[in-house]
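Protein chains: 2
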Amino acid sequence: MEKIGFIGIGVMGKPMATNLVRKGFQLSIVSRHPEKEASLIEMGASVAASPQGLAGTSDVIILMLPDTKTVEQVLFGDDGVAFGVGTGSIVIDMSTISPEETIEFAERLATAGCAMLDAPVSGGERGAEQGTLGIMVGGPQDVFDRCRPIFEAMGKTITYTGLSGCGQKTKLVNQLVGATNLLGAVEGLRLARAAGLDAQTTLQAVSSGAASSWMLTNLGPKILQGDFAPGFSIRLQHKDMTLLKEWLAGMEGDFPAAGLVYALFHKAMAAGLSNQGNQGLINLWESRERSE
Amino acid sequence: MEKIGFIGIGVMGKPMATNLVRKGFQLSIVSRHPEKEASLIEMGASVAASPQGLAGTSDVIILMLPDTKTVEQVLFGDDGVAFGVGTGSIVIDMSTISPEETIEFAERLATAGCAMLDAPVSGGERGAEQGTLGIMVGGPQDVFDRCRPIFEAMGKTITYTGLSGCGQKTKLVNQLVGATNLLGAVEGLRLARAAGLDAQTTLQAVSSGAASSWMLTNLGPKILQGDFAPGFSIRLQHKDMTLLKEWLAGMEGDFPAAGLVYALFHKAMAAGLSNQGNQGLINLWESRERSE
Numbered sequence: 001m002e003k004i005g006f007i008g009i010g011v012m013g014k015p016m017a018t019n020l021v022r023k024g025f026q027l028s029i030v031s032r033h034p035e036k037e038a039s040l041i042e043m044g045a046s047v048a049a050s051p052q053g054l055a056g057t058s059d060v061i062i063l064m065l066p067d068t069k070t071v072e073q074v075l076f077g078d079d080g081v082a083f084g085v086g087t088g089s090i091v092i093d094m095s096t097i098s099p100e101e102t103i104e105f106a107e108r109l110a111t112a113g114c115a116m117l118d119a120p121v122s123g124g125e126r127g128a129e130q131g132t133l134g135i136m137v138g139g140p141q142d143v144f145d146r147c148r149p150i151f152e153a154m155g156k157t158i159t160y161t162g163l164s165g166c167g168q169k170t171k172l173v174n175q176l177v178g179a180t181n182l183l184g185a186v187e188g189l190r191l192a193r194a195a196g197l198d199a200q201t202t203l204q205a206v207s208s209g210a211a212s213s214w215m216l217t218n219l220g221p222k223i224l225q226g227d228f229a230p231g232f233s234i235r236l237q238h239k240d241m242t243l244l245k246e247w248l249a250g251m252e253g254d255f256p257a258a259g260l261v262y263a264l265f266h267k268a269m270a271a272g273l274s275n276q277g278n279q280g281l282i283n284l285w286e287s288r289e290r291s292e
Numbered sequence: 001m002e003k004i005g006f007i008g009i010g011v012m013g014k015p016m017a018t019n020l021v022r023k024g025f026q027l028s029i030v031s032r033h034p035e036k037e038a039s040l041i042e043m044g045a046s047v048a049a050s051p052q053g054l055a056g057t058s059d060v061i062i063l064m065l066p067d068t069k070t071v072e073q074v075l076f077g078d079d080g081v082a083f084g085v086g087t088g089s090i091v092i093d094m095s096t097i098s099p100e101e102t103i104e105f106a107e108r109l110a111t112a113g114c115a116m117l118d119a120p121v122s123g124g125e126r127g128a129e130q131g132t133l134g135i136m137v138g139g140p141q142d143v144f145d146r147c148r149p150i151f152e153a154m155g156k157t158i159t160y161t162g163l164s165g166c167g168q169k170t171k172l173v174n175q176l177v178g179a180t181n182l183l184g185a186v187e188g189l190r191l192a193r194a195a196g197l198d199a200q201t202t203l204q205a206v207s208s209g210a211a212s213s214w215m216l217t218n219l220g221p222k223i224l225q226g227d228f229a230p231g232f233s234i235r236l237q238h239k240d241m242t243l244l245k246e247w248l249a250g251m252e253g254d255f256p257a258a259g260l261v262y263a264l265f266h267k268a269m270a271a272g273l274s275n276q277g278n279q280g281l282i283n284l285w286e287s288r289e290r291s292e
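As they're listed, the protein sequences go chains A and B.
Sequential numbering from 1 applies to the first sequence in the working numbering.
Sequential numbering from 1 applies to the second sequence in the working numbering.
The set of hints was computed from the structure by calculation and includes no laboratory data.
Wrong hints could be hidden among the right ones.
Which copy? The list can't say, so a pair holds if one copy fits it or any two copies do.
[To be verified] Capping the alpha-carbon separation at 27 Å, the derived lysine-lysine pairs in BS3-like fashion look like this:
#1 245 to 267
#2 69 to 23
#3 245 to 36
#4 23 to 239
#5 3 to 69
#6 245 to 23
#7 3 to 222
#8 23 to 222
#9 156 to 222
#10 267 to 239
In this text, all values refer to a predicted model and were calculated from it rather than measured experimentally.
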């Protein structure tokens, strides 16, 4: 069984790493926040001094980090992973970052004989805890095949999407579709309220047919209860819409839904909603409408 | 059991009327297209000479007509329903028309002692055939209660939404949410293709999580197969988006998704796509992108 090094013991990374230990993988981590890592160490995870040190003693190095810059720093900065890997090592980057830079990182790691998979996830904190994440994987197919048991320890729907970068690209398609559905749910509920309809009744009627979506079914009730706690925060949704926007800038064609949802999440950040769940998008309008 | 008069034996109306006869309701129709009506007459439906005549011999008059103008004509034009109804008669308008004019029609019918329900449907031709329509009903609650067995003969999810016009308003909320989800599905698949991803794989990955929707699951595969036959046509979707736009014009607040989907379906009409299914929205871009 592969020895796994895990970097990024955060809201998502910690339950993912915990599931790996539970499934019997030998895990090491880089300690940054001892209080967050205590339970993993109690379960048997060892601690390395640096990403470089971790890479030297691991077959597979998993990253679950907040953004492109942090991934680059951890891979190629001082004491970075790239200086510890050997021939046959594998880096799996499960962060959601730029597809173009992913391809570049994979090329740089290849010069050290190290293969890389991009494997961003969907399903949020709950999916991470329950081991039911969706995982969209790009990179060499034989490396994917070898890593499948690792993915199966953390996720349910595991999709091989193609060469390096394709996992990130698929994730951004997913985020575009999800954000557009979220806008539909939010605008539908706003319209129901503005029209004096009973919003709960409208939600039930609309959820039962061709207008149904995960966003409407799962976030609609939270909106009606005034529950804006994050499953997935506006800050992270905005981060993904920014990655999408940057990626689209280099592409042919007109993507009006992407433009609209980017602009709205940008506004939501400026309105101070960053720490609300993405259903808090409705508060871009609601507070004003209610005070009118 | 109520004697029912049914006006509008079209793509939707015919299977709806057929289900009423099957459930034992005594049905009469106004003959306009004898070849379309033959099977109903064989099953025992009788034929009235005019909407007025039909109204005179029916307890409940159901309308399933293409637009607001046609409903007004059938109700209040020469030989219209309004001249045949008596005290205690009920008109059920199952067409999708203007909410404001619905309220006005109900008031005009009330002066003749006739109650009116607005009861637009979702679920398309297939839902009409299988008797599984979603039905959103507005009007007096006691009239709704009395008509429930009629709705149950044609639909599955039957929702009482409030006073006169609320059924139409709920339907337009439904159409806004559905059209926005459709745009998300279309733009996601366009992006997958533009990025060189395998569209089928992307569809599967995106359909499994928080970005899932009825539109993606049901129309995504049709798009990938190049099947643009209508379940629900672009012409009808555009008609509903126009009703939505006209309704929103009188309302406070900014509804950006509604504005965008209206503009796109307007473009799709101008591009000659009116008879395609609404998944043909993608052809606004695809033909150009593919020839580039």
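Here is how each hint holds up against the structure:
1. Taking CA atoms no more than 27 Å apart as the test, residue 245 paired with residue 267 passes in both settings, with 15 Å inside one copy and 24 Å between copies.
2. In this assembly of identical chains, the alpha carbons of residue 69 and residue 23 never lie at most 27 Å apart, being 31 Å within a copy and 66 Å across copies at closest.
3. Taking identical chains as interchangeable, the C-alpha atoms of residue 245 and residue 36 are never at most 27 Å apart, the minima being 34 Å within one chain and 52 Å between chains.
4. For the identical chains of this complex, residue 23 and residue 239 are neighbours neither inside a copy (32 Å) nor across copies (55 Å), given an alpha-carbon limit of 27 Å.
5. Taking CA atoms no more than 27 Å apart as the test, residue 3 paired with residue 69 passes inside one copy only; the shortest distance there is 26 Å, against 72 Å between copies.
6. Taking the shortest alpha-carbon separations for residue 245 and residue 23, neither the intra-copy value of 38 Å nor the inter-copy value of 55 Å comes in at or below 27 Å.
7. For the identical chains of this complex, residue 3 and residue 222 are neighbours neither inside a copy (41 Å) nor across copies (44 Å), given an alpha-carbon limit of 27 Å.
8. In this assembly of identical chains, residue 23 and residue 222 lie within 27 Å of each other by CA distance neither inside one copy nor across copies; the values are 34 Å within and 40 Å between.
9. In this assembly of identical chains, residue 156 and residue 222 lie within 27 Å of each other by CA distance both inside one copy and across copies; the values are 25 Å within and 26 Å between.
10. Only within a single protomer do residue 267 and residue 239 lie at most 27 Å apart by alpha-carbon distance; the minimum there is 13 Å, versus 31 Å between protomers.
Going through the hint list in order, the structure does not satisfy hints 2, 3, 4, 6, 7 and 8.
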